[in-house]
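Guided by the hints, dock chain B onto chain A, whose structure is given.
Chains as they are written, first to last, in the working numbering: chain A, 5 to 299; chain B, 92 to 456.
Please keep in mind that the hints were generated in silico from the structure rather than gathered at the bench. Quick caveat: nothing in here was measured; it's all calculated off a predicted structure. C-beta atoms are modelled at their ideal positions from N, C-alpha and C, and glycine is treated no differently. All the pointers check out, no bait thrown in.
Using C-beta positions, here's what the derived DEER-type ranges look like:
1) A:ILE21 - B:HIS213: 45 to 53 Å
2) A:PRO98 - B:SER204: 31 to 39 Å
3) B:ARG403 - A:ILE21: 51 to 59 Å
4) B:HIS213 - A:TRP214: 26 to 34 Å
5) A:GLY110 - B:GLY162: 42 to 50 Å
6) B:PHE111 - A:LYS105: 15 to 23 Å
7) A:TRP214 - B:LEU203: 17 to 25 Å
8) A:TRP214 - B:GLU273: 29 to 37 Å
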Amino acid sequence: MTTDATPRTPRGQALVIPALLGPAIAFIVALLLSALAIMFVNSAYHYTGTHVEPRVTFDAYRRFFTDPFYASVMWQEVRLAGLATIVCLVVGYPTAYAIAKIRKTGWVIAAYVLVFSPLLTSSIVRAYGWFVILERGGPVNWLLLRLHLVSAPVRLIFNFTGVEIALIHVLLPFTVFPILSILLRTDPALREAAADLGATRVQTFVRVTWPLSFPGLYAAAQLTFVLAMNAYVTPQLLGGGRVQVLPLLIYQDISDLNWPLASVEAIALIALVWITMLVSNLLFRRRLATVGERG
Amino acid sequence: MSADTGPGPAVELRHVHKWFGTVHAVRDVTLTIRENEFFSLLGPSGCGKTTVLRMISGFEAPSQGDLYLEGRLANTIPPYHRDTNLIFQHLALFPHLDVYENIAFGLRLRRLSREEIRRKVHESLELVDLTGYGRRRIHQLSGGQKQRIAIARALVNEPAVLLLDEPLGALDLRLRVQMQLELKEIQHRVGTTFVYVTHDQTEALTMSNRIAVMRDGMVEQIGSGRDVYERPRTRFVAAFLGDSNLLEGEVDARDAARTTLRTRGARVVGPGGTDAAPGTTAYLCVRPERLRLFAAGEPPAGYENHLEAQVRDVTFKGAVIEYRLAAPSGLALIAQAHADGTPAVERGASVTAAWRLDDGVVLTE
Chain A
5 MTTDATPRTP RGQALVIPAL LGPAIAFIVA LLLSALAIMF VNSAYHYTGT
55 HVEPRVTFDA YRRFFTDPFY ASVMWQEVRL AGLATIVCLV VGYPTAYAIA
105 KIRKTGWVIA AYVLVFSPLL TSSIVRAYGW FVILERGGPV NWLLLRLHLV
155 SAPVRLIFNF TGVEIALIHV LLPFTVFPIL SILLRTDPAL REAAADLGAT
205 RVQTFVRVTW PLSFPGLYAA AQLTFVLAMN AYVTPQLLGG GRVQVLPLLI
255 YQDISDLNWP LASVEAIALI ALVWITMLVS NLLFRRRLAT VGERG
Chain B
92 MSADTGPGPA VELRHVHKWF GTVHAVRDVT LTIRENEFFS LLGPSGCGKT
142 TVLRMISGFE APSQGDLYLE GRLANTIPPY HRDTNLIFQH LALFPHLDVY
192 ENIAFGLRLR RLSREEIRRK VHESLELVDL TGYGRRRIHQ LSGGQKQRIA
242 IARALVNEPA VLLLDEPLGA LDLRLRVQMQ LELKEIQHRV GTTFVYVTHD
292 QTEALTMSNR IAVMRDGMVE QIGSGRDVYE RPRTRFVAAF LGDSNLLEGE
342 VDARDAARTT LRTRGARVVG PGGTDAAPGT TAYLCVRPER LRLFAAGEPP
392 AGYENHLEAQ VRDVTFKGAV IEYRLAAPSG LALIAQAHAD GTPAVERGAS
442 VTAAWRLDDG VVLTE
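Only chain A is shown next, with the shape it has when bound in the complex (with noise of 0.2 Å):
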């Protein structure tokens, strides 16, 4: 190992780092920033109700903070994907506390392919499983009556509920991952240090086991909630368009050629992700500091 970090000459490792850096920098750039500008430009432009006019109106803009429509939206969208994030995370924090404790490779297999098997289906053939799974005749709505928990069948599709169900199905391995490679990362003296100095097995998980693992936890929740608010598919197929989220409207309106408006839904979009992101960040900071630390 040590004979490896030979140093070299400074300027060939100079040229190292832009070298292997250099073709998803000018990809992002290319593809990402160029399109993010030309966004920014047509967001201000005139749309005259069947093409886009180069004007600045800002006419786009008012629109969107004017009308409650699109208000209701954003906040149906949070909603929805807020929910998602904190169920994904109930679920799948013991989930990934479980398959972390798993000992024969066998079973951490089969575990690994459930949790993941959500990923390994397209999401058209995912939504109308649902759709199968969810309807008035469906196996759910057969055992509700059976259990006489409700009266008659309810809506389970079409609607927030039905698209919620589908968004934590599918989000869930993204939630697990983080959780899942953090606790296998942390050393299991750890916990035994902490079971030495007399925490019993509940103590040692609010002691030590939850405070380490609270990073993993951390970005599981972002990566649930970015993914949840970018949602296309899920909403598309599974609202049947009763359920109005961003993306959405950003489709319908880029179909329609209304550019402007599609943009400044695609800004408000980026803005609410960027928003709750930095809020969150304030918030846990210092949580996130003392353990992010390792000597």
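Positioned in the frame of chain A, the structure of chain B alone reads:
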């Protein structure tokens, strides 16, 4: 701290076995560790010493046999109910807590008052000479400082037994030697029973009141450092604790005063009263520093054993000079002499290597 506990061993193992699946990691270990003793478990890696320590701390339960802590049967008592504290091989300090909270961890679980916790944490920081380091974070400490915090975190709970799992292994030699002396000094001051696991024979000899030498899950010998070094019971113990000359031979005669062995080309004598039956194979173990070198052919008075040999190599090691010798029979010997200023024997010189009867130990296994 343990002055008011009644007499009786701090730790006692009776015929303890441990299996991991099909691996028989600890085999029939019986040993007693006394109150206030610095006791070492010494052996090569995989000899079961760490497993014994983990059974005492409660992380493993004996598969068979009994473990007593201060006279109480402790086979299945969980670690958090034992009056023992362990210093882990890699210390296992909590990275999310500062030094103060690391040390206070055990005290908080015992629900001591805030005042009492503060007093005890400060006392233990003082004990390890790190006063004022309470608010440091673990990653800001040097290796030696982490070491001392781990000691403080364990000792602040005033355990009946402090267990140490090769905690000095990661330190460089100079720091390790310093920490050895500090640990010994701390043990002296607090009077707690220390059980120390190590594969380093010098470390074990430096610190321990008594040493248990382990091999393949079994205890080969228990005794003071001087005992196991000067009177090893087996060839393994002799070889593990420093250099030794092992002369293999057939037992010629044996009585209460002396045992005679016929080795390659020479007859040697060692102490009597051994279980080496005439006609069987036995070994005479002589430490290098017990061999004296004389000019060839000079019959040294008062030395029962002498072998003619040639000096093959001379190594100056600072405090001692080491000689590698070869006898005409092909037998190789090591001798050590204090580097006291007298001229060293030249390489290639013919010498007589001589030692007294009671410089050797007769081994049968």
